[in-house]
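Fit chain B to the given chain A structure using the hints.
Read off the chains here:
Number of protein chains: 2
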Amino acid sequence: MDPRYNLVQAWRINKDGAREFIEDPVTRESPLTIYFNDRELVTLLCTFEYVDELAVGFLYSEGFVRSKEDIREIKTDSGEGVVKVVGRNPAVIAEQTFLKRYITTGCGKGTSFYHLSDAVCRPVESGWRVESSRLFNLMVQAQRRSELFKTTGGVHSSALCTGDEIMFFREDIGRHNTVDKLIGRCFLDGIDTSDKILLTTGRISSEILVKAAKLGVPLIASRSAPTDLALKYAAELGVTVAAFVRNQRMNIYTHPERVVL
Amino acid sequence: MDPRYNLVQAWRINKDGAREFIEDPVTRESPLTIYFNDRELVTLLCTFEYVDELAVGFLYSEGFVRSKEDIREIKTDSGEGVVKVVGRNPAVIAEQTFLKRYITTGCGKGTSFYHLSDAVCRPVESGWRVESSRLFNLMVQAQRRSELFKTTGGVHSSALCTGDEIMFFREDIGRHNTVDKLIGRCFLDGIDTSDKILLTTGRISSEILVKAAKLGVPLIASRSAPTDLALKYAAELGVTVAAFVRNQRMNIYTHPERVVL
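If you're matching them up, the sequences are chains A and B in order. In this note's numbering, each number is its position in the first sequence, counted from 1, plus 32. In this note's numbering, each number is its position in the second sequence, counted from 1, plus 32.
Be a bit skeptical, because a hint or two may be false.
Because identical chains share one entry, a pair is satisfied inside a single copy or across any pair of copies.
[Claimed, not checked] Calculated pairs, EDC-like style, for lysine to aspartate or glutamate (alpha carbon to alpha carbon, straight line, at most 20 Å): (1) Lys182 with Asp227; (2) Lys47 with Glu112; (3) Lys264 with Glu112; (4) Lys47 with Asp224; (5) Lys47 with Asp109; (6) Lys47 with Glu289; (7) Lys264 with Asp102; (8) Lys47 with Asp102; (9) Lys107 with Asp221; (10) Lys100 with Asp84; (11) Lys116 with Glu289; (12) Lys264 with Glu289; (13) Lys47 with Asp196; (14) Lys264 with Glu55; (15) Lys264 with Glu163.
These are calculated hints, taken from the structure and not from any lab test.
So that you can see chain A by itself, here it is in the shape it has in the complex (with noise of 0.2 Å):
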């Protein structure tokens, strides 16, 4: 079985009153506890796969490395529910700064800005383009894909896309983690994200995008809806936000021009 959720016993309900004992697939919720040079750093809650790129994409996303080479070993304890990265380098000023910035979201982790200024974040500068009908077919991939979500209704997924196909597919309890899953992998593999997508179940939050932008995907595009933060942003940032993408349409908020009829 998928070690990613757990048969439970319930009853099912119907319209009628009839009542039916059934064994249900509930997706697992995971703590995965963080450490930065031997220091605890933060316990995520998520689907306990692909820990390391969690780890390594969080702390690209919250700055404490910012290439490969920041990082000497990732030390992976799967049932301790551990990941323990060691930094070349102390990396002080964001230990300092992230205890501080405990900021929070709508719906997301802590993360640590909200005025873009604090943002270590430079625009995406890509004169890539994509046809819109390319974007339909990468989301309809997509959800062929998401084999957890058909199973058990409970978890996000995001993908990193080039025109044509999707590279990497992350599912995960927690619509973050699957956007830092991704970040995670990029940094680990060095791949070159200005003409790739970002695709994504969940809604574009400022900190999705912020996300994005870090990333470095000149696109991110979504089955759901952006907030106004998220698209102030992605003006700034030069990323092309693509919101409701799903039956055939779309809307594009910012950045039109990479998006070819």
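Coordinates of chain B only, in the frame set by chain A:
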């Protein structure tokens, strides 16, 4: 216009490649900074309404205050995006542990535990019962009330209900915030929750479940899925979990004796 959303310009693209320029209502996402005893504690990203409830609900959830008597003053400055709560006691322990226990979620804001033993939370003991048909009816009522969702597609909602009707209904970009606002309302009004229902559109993760237990309701019902950790906590904390409550069906996972056919 409803101050909870902005009209933004967008291109709507259809399958056939037709492009239409529209003004689209997009949910506003605003930072709210909470002070406790003149100390800056946290900044939440939220839908900026009922922010006094949100601040108080957050402080209660995180263990800073335990009863209304613990609060001397609540000052809200909407222009600055600030709520300042002054307590009668310093609550030193909560503050110290709060900064240490930076624990975040799959999809939720930082919280203060992930082992139940850490959660200051009594089991809900309530002999209260509800007919399954009432839960279906309440979910339909809640859907009808979700004006901001209908307009923007970008928010969650939660409601505190009797068996017959909705008492309080809150929409927010964050599913945790919707529950914290209800917790704050009940805390301020001294509402007996031992015969109330918490309805929500969001998934039932461990953090949401513990919030329900802290709120003291015997039943939480969601349109969406639960996680296995939430169900484990629900079993221990005496909370009935009804999930996938939609289309006149639902699954009851824990303490099913409270749902009468």
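Results of checking the hints against the structure:
no.	hint	in the structure
1	Lys182 with Asp227	neither (29 Å within a copy, 34 Å between copies)
2	Lys47 with Glu112	neither (44 Å within a copy, 49 Å between copies)
3	Lys264 with Glu112	between (41 Å within a copy, 19 Å between copies)
4	Lys47 with Asp224	neither (52 Å within a copy, 30 Å between copies)
5	Lys47 with Asp109	neither (46 Å within a copy, 47 Å between copies)
6	Lys47 with Glu289	between (49 Å within a copy, 18 Å between copies)
7	Lys264 with Asp102	neither (31 Å within a copy, 39 Å between copies)
8	Lys47 with Asp102	neither (58 Å within a copy, 45 Å between copies)
9	Lys107 with Asp221	within (17 Å within a copy, 49 Å between copies)
10	Lys100 with Asp84	within (13 Å within a copy, 44 Å between copies)
11	Lys116 with Glu289	neither (42 Å within a copy, 44 Å between copies)
12	Lys264 with Glu289	within (17 Å within a copy, 49 Å between copies)
13	Lys47 with Asp196	between (44 Å within a copy, 17 Å between copies)
14	Lys264 with Glu55	between (45 Å within a copy, 15 Å between copies)
15	Lys264 with Glu163	neither (24 Å within a copy, 46 Å between copies)
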